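Colleague: Residue 15 in the working numbering sits at position 15 of the sequence shown, and the numbers go up by one each step.
In short, the hints are calculated from the structure, not lab data.
This one's a predicted model, so the numbers in the text were calculated from it and none came from an experiment.
The reader is advised that the hints may include incorrect statements.
[Said to hold, decoys possible] Straight-line alpha carbon distances no greater than 27 Å define the calculated DSS-like cross-link-like pairs of lysine-lysine that follow:
no.	residue 1	residue 2
1	K57	K71
2	K82	K57
3	K121	K83
4	K71	K83
5	K36	K83
[Unchecked claim] The following label-pair restraints were derived from C-beta to C-beta distances:
no.	residue 1	residue 2	range
6	F92	P51	17 to 25 Å
7	G146	W93	26 to 34 Å
8	Q88	I3	13 to 21 Å
9	I47	E81	23 to 31 Å
Beta carbons are placed, not taken as given, at the ideal position from N, Cα and C, and that holds for glycine.
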Amino acid sequence: MDIANELWIVLISASPFVELRGAIPLGIANGMGAAKVFFLAIIGNTIPIIPLLVFLKWSVNKLEKMKGIGKVLRWWFERVEKKSKMVQTYGFWGLVLFVSIPLPGSGVWSGSVAATLLEFKFGRAFLAIFLGMLIAAVLVTFASLGVIKLWFMFI
1 MDIANELWIV LISASPFVEL RGAIPLGIAN GMGAAKVFFL AIIGNTIPII
51 PLLVFLKWSV NKLEKMKGIG KVLRWWFERV EKKSKMVQTY GFWGLVLFVS
101 IPLPGSGVWS GSVAATLLEF KFGRAFLAIF LGMLIAAVLV TFASLGVIKL
151 WFMFI
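Required output: the full structure, derived from the provided sequences and hints.
Modeller: Encoded structure:
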């Protein structure tokens, strides 16, 4: 693998909606080593956390006034708010679980929205989102390698 492919893994991991849930299987499918993909995806998925937690509320207030973008943001926030009942109920550990679920609609971006909506303090939100991201990365990596499939074959 060359540096361009490694950069793609980082960029895909940093992107909304796809995040590391798409980047890890893509990297492994393209022949990149699982450990390398795992760490590149962690780096990429960590990149948006701080800007999201710091600037999300401010930028949404500005962007919400724009017709098309405002509608999309309101739709996304409403969707995250509906899905974040677990976060509301269990606080820090609910946010960890919310981010760790390797399904579309949960992850670093949506976790940052949930933390912002629920007014988590920065350090607490960052830690919960980062822990959830690590759990998701492990689950997605194992699933991509077929480890989970093998496990269930023997149970």
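Colleague: So which of those numbered hints doesn't the model satisfy?
Modeller: 5, 8
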